[in-house]
Amino acid sequence: MTQDAATHSGTFAAGRALGLDHLKLGTWLFLASEVMFFGGLIAAFLHYKVNSPSPQAGLLSVPLVGANTFVLLTSSFTVVQGLAAIRRGKRGGLMAYLALTILLGAAFLAGQAYEFSSLYREGVTLQSSVFGSSFFTLTGFHGMHVFTGLVWASSTLLRAARGHYSAEDHGGVEVFGLYWHFVDIVWIVLFTIIYLV
Amino acid sequence: MTAEPRPASSPRRSGYLLIYGILAALTAAEIWIATLSLAAAVRTPVFLTLSFFKASLVAAFFMHLKSDSRYYLLIFLLPVAVVVVFGLVMLIR
Amino acid sequence: MSAEPVAAPTSNWRRYFGWNTDHKVIGVQYMVTTFLFFLLGGLLAVLIRTELARPGQDLVDGTQFNRLFTNHGSLMIFLWIIPVLAGFGNYLIPLMIGAKDMAFPRLNALSYWLIPPAGILMIVSFFVGAADTGWTAYVPLSISAPDGQTLWALSIVLLGVSSILGGINFIATVVTMRAEGLTFGRLPLFVWGMLATALLMVVATPVLSAGLVLVAMDRIAGTLFFSVGVGGDPILWQNLFWFYSHPAVYIMVLPAMGIVSEILPVFARKPIFGYKAIAASSMAIAILGMLVWAHHMFASGMDPRLRIPYMITSMIIAVPTGVKIFSWLGTIWDGKLRFTTPMLFALGFISMFLIGGITGIFLASIPVDLHVTDTYFVVAHLHFVLFGGSVSAVYAGLYYWFPKITGRMYDERLGKAHFWMNFIGTNLAYLPMFLVGLLGMPRRVADYAPEFTSLNFLASIGAFILAISTVPFLYNAIVSWATGPKAEANPWRARTLEWQTTSPPPAHNFPVPPHVTGGPYDYGEQAPSTSLAPAPAAGK
Numbered sequence: 001m002t003q004d005a006a007t008h009s010g011t012f013a014a015g016r017a018l019g020l021d022h023l024k025l026g027t028w029l030f031l032a033s034e035v036m037f038f039g040g041l042i043a044a045f046l047h048y049k050v051n052s053p054s055p056q057a058g059l060l061s062v063p064l065v066g067a068n069t070f071v072l073l074t075s076s077f078t079v080v081q082g083l084a085a086i087r088r089g090k091r092g093g094l095m096a097y098l099a100l101t102i103l104l105g106a107a108f109l110a111g112q113a114y115e116f117s118s119l120y121r122e123g124v125t126l127q128s129s130v131f132g133s134s135f136f137t138l139t140g141f142h143g144m145h146v147f148t149g150l151v152w153a154s155s156t157l158l159r160a161a162r163g164h165y166s167a168e169d170h171g172g173v174e175v176f177g178l179y180w181h182f183v184d185i186v187w188i189v190l191f192t193i194i195y196l197v
Numbered sequence: 001m002t003a004e005p006r007p008a009s010s011p012r013r014s015g016y017l018l019i020y021g022i023l024a025a026l027t028a029a030e031i032w033i034a035t036l037s038l039a040a041a042v043r044t045p046v047f048l049t050l051s052f053f054k055a056s057l058v059a060a061f062f063m064h065l066k067s068d069s070r071y072y073l074l075i076f077l078l079p080v081a082v083v084v085v086f087g088l089v090m091l092i093r
Numbered sequence: 001m002s003a004e005p006v007a008a009p010t011s012n013w014r015r016y017f018g019w020n021t022d023h024k025v026i027g028v029q030y031m032v033t034t035f036l037f038f039l040l041g042g043l044l045a046v047l048i049r050t051e052l053a054r055p056g057q058d059l060v061d062g063t064q065f066n067r068l069f070t071n072h073g074s075l076m077i078f079l080w081i082i083p084v085l086a087g088f089g090n091y092l093i094p095l096m097i098g099a100k101d102m103a104f105p106r107l108n109a110l111s112y113w114l115i116p117p118a119g120i121l122m123i124v125s126f127f128v129g130a131a132d133t134g135w136t137a138y139v140p141l142s143i144s145a146p147d148g149q150t151l152w153a154l155s156i157v158l159l160g161v162s163s164i165l166g167g168i169n170f171i172a173t174v175v176t177m178r179a180e181g182l183t184f185g186r187l188p189l190f191v192w193g194m195l196a197t198a199l200l201m202v203v204a205t206p207v208l209s210a211g212l213v214l215v216a217m218d219r220i221a222g223t224l225f226f227s228v229g230v231g232g233d234p235i236l237w238q239n240l241f242w243f244y245s246h247p248a249v250y251i252m253v254l255p256a257m258g259i260v261s262e263i264l265p266v267f268a269r270k271p272i273f274g275y276k277a278i279a280a281s282s283m284a285i286a287i288l289g290m291l292v293w294a295h296h297m298f299a300s301g302m303d304p305r306l307r308i309p310y311m312i313t314s315m316i317i318a319v320p321t322g323v324k325i326f327s328w329l330g331t332i333w334d335g336k337l338r339f340t341t342p343m344l345f346a347l348g349f350i351s352m353f354l355i356g357g358i359t360g361i362f363l364a365s366i367p368v369d370l371h372v373t374d375t376y377f378v379v380a381h382l383h384f385v386l387f388g389g390s391v392s393a394v395y396a397g398l399y400y401w402f403p404k405i406t407g408r409m410y411d412e413r414l415g416k417a418h419f420w421m422n423f424i425g426t427n428l429a430y431l432p433m434f435l436v437g438l439l440g441m442p443r444r445v446a447d448y449a450p451e452f453t454s455l456n457f458l459a460s461i462g463a464f465i466l467a468i469s470t471v472p473f474l475y476n477a478i479v480s481w482a483t484g485p486k487a488e489a490n491p492w493r494a495r496t497l498e499w500q501t502t503s504p505p506p507a508h509n510f511p512v513p514p515h516v517t518g519g520p521y522d523y524g525e526q527a528p529s530t531s532l533a534p535a536p537a538a539g540k
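Chains as they are written, first to last, in this note's numbering: chain W, 1 to 197; chain F, 1 to 93; chain Z, 1 to 540.
Take every hint as true, because none was put in to throw you off.
Pulled a few chain F residues facing chain W out of the computed Cβ check, cut under 7 Å:
#, residue
1, 20
2, 31
3, 44
4, 54
5, 55
6, 58
7, 63
8, 72
9, 83
By construction, these hints were calculated from the structure, which means they are not laboratory data. For clarity, every value in this text was computed on a predicted model and none was experimentally measured. Glycine included, every Cβ here is placed at the ideal spot set by N, Cα and C.
Build the full structure now, drawing on both the sequences and the hints.
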């Protein structure tokens with residue numbers, strides 16, 4: 001991904017001595033900030049769930065969204081398989097798994113869209129109650145992150161097609177993977193606190 | 001960008017499949033438990049525990065936190081801890 | 001992004017107006033851009049103090065006055081002090097650790113380039129009905145505020161992203177790019193301060209973003225987050241806002257303290273006293289600082305059981321802060337002091353931050369706070385720490401590193417004149433505010449009872465002196481940069497790495513990656529060495 005430091009192998013020596021890769025470190029720091037961002041939205045959702053409960057919350061459907069959860073979990077599996085493939089130098093494998101990931105991610109978004117529209121038909125909107133406000137805002141931002149992930153996956157797939165990655169050099173795939181798994185983990189939390197608990 | 005050599009302790013492909021299987025089973029369990037009418041005092045800790053395991057599996061094995069440097073784990077856990085504290089305080093008010 | 005041609009960095013001024021990934025260019029871009037917002041925020045302050053020089057509404061009406069203090073605070077906090085200190089971090093961190101640039105140079109440029117659009121949004125907001133709800137934008141008032149409030153929120157979101165990306169870059173750079181031999185135990189204290197600051201930037205800022213999202217949703221999409229009566233909760237905004245904004249005050253002061261720690265040893269020709277204590281206290285302040293936010297909410301009707309824990313944690317922060325103050329005093333004690341302009345500003349920081357900090361402890365005490373909250377006592381406190389404190393340190397840093405950044409020396413007499421006008425103006429402007437606050441004058445008011453007149457008049461005189469004090473600084477900075485005497489590599493005979501390369505530094509900072517064999521503050525202990533040999537065999 002970054003070409004700037006490619007010619008200076010000593011540049012990141014201090015990091016390597018600590019067992020750290022600067023790109024991965026930066027990615028984890030970014031994910032830390034995302035934890036805090038979702039944490040703020042989640043805290044708001046829970047605050048209202050506990051202090052201003054709404055009957056509209058009863059309209060949520062666990063089976064449908066449970067199936068969607070499977071879909072997203074499977075997409076995490078395909079991502080890690082793709083990474084394993086390129087680690088062994090298998091460019092075709094990486095591309096296939098990325099394509100699968102994109103399909104599964106799109107399916108997840110379609111499932112969310114269906115969930116949103118059926119709730120909407122039952123009168124749950126951004127403006128119908130604080131539940132509606134906090135539900136759609138929280139899941140909406142998660143959906144935006146999934147969408148961003150799909151764009152990123154597509155870009156990664158394109159780069160893979162152009163031979164950008166190899167067994168020795170696939171940091172970009174790893175970074176994308178970390179982002180995608182994180183979005184999956186956020187969904188695991190959201191599924192629990194919104195639909196299950 | 002140079003990739004890290006694959007650490008000896010990271011799972012192979014069959015390892016990932018196993019983790020995925022566990023995740024799927026846990027999710028199925030959650031959906032099943034949701035259909036039972038359990039009291040909130042039971043549901044809440046059960047679901048929190050199950051989802052904690054799921055999240056940990058994804059983080060440890062799919063994100064390789066278990067096999068990579070401890071520092072990445074610290075960077076991830078610190079904000080999680082902060083969020084939990086903040087969330088708990090928000091519940092009180 | 002390919003490397004820029006290797007020209008002497010400050011000779012080609014056009015570099016500063018475009019996309020450039022050199023951290024030294026970006027650092028200067030930050031400093032100059034934010035200084036413009038400092039002047040704009042200062043102009044608003046002059047208008048405020050003109051209005052408040054006498055009772056009655058002479059200059060502006062109540063609504064316009066609300067807009068003035070709202071945007072004065074917002075500009076100063078989000079477009080001046082937070083980003084200017086990030087600018088110092090940008091310029092200095094790679095140099096101080098012996099690296100050739102930041103870990104993510106393009107991300108670094110992006111962090112800077114989010115600032116001009118954010119600033120433009122803030123300025124445009126003045127023309128569509130400026131936000132008038134205080135920089136704290138409490139709901140539900142800010143939900144029904146004019147359109148400018150939405151632009152205000154968007155501006156701050158952009159600045160938040162800039163800050164988060166900057167924080168990521170700082171941490172990654174310091175952790176992975178230190179020169180050989182530069183252990184964490186030899187890290188300059190400014191870098192320790194920036195590390196602690198970066199932690200807060202990454203962890204605290206996104207919570208404000210989340211809160212601003214909720215405010216924007218209520219304003220634009222008609223959500224009910226803060227609609228009282230249908231389950232909305234205005235206190236939630238206060239929690240989300242202060243969860244960031246309290247650590248933010250440490251973002252505004254930790255780098256400044258780092259600057260002071262760099263300057264004192266140089267001009268006392270003595271090692272810093274308590275290096276480990278100062279480094280540890282920076283991290284302690286950062287971590288503790290994330291646990292005290294509700295002390296801004298003592299009077300908001302919060303759950304009484306939570307008050308005492310917050311009071312205790314807020315007072316505990318005084319301990320690491322006190323450690324720093326005593327360490328600085330220990331540093332200058334019995335030193336061979338040179339009262340250059342940077343040293344004067346650094347000493348000014350200590351005295352004025354002390355006043356601000358101690359009054360902060362008064363405010364941490366709930367019984368006191370309940371009487372003085374939202375009075376001018378708080379206004380005095382915050383200006384002593386932020387203006388007497390942080391801005392003094394910024395000036396100290398600007399003078400201290402002026403020769404390094406520009407390759408030229410500033411005029412010392414103008415610098416001293418600036419310092420004395422600044423010191424006198426600050427004390428005259430803000431000391432009366434403590435008194436008038438204790439006497440009962442509320443903050444954020446355009447008019448006041450006649451018995452507060454003489455103290456307000458004094459404060460306004462002080463403010464005008466401060467306004468005028470920027471003139472010698474600006475003249476000095478501009479003229480010296482253009483035509484000042486050329487500066488050597490190490491005019492202060494300092495030991496940190498940025499002084500071991502040319503003034504200004506070349507494109508990749510060091511001709512050969514440095515190899516460090518000693519600490520950065522070993523003044524007077526051994527024969528000073530200004531060359532850091534690349535091979536491990538070199539001695540000190």
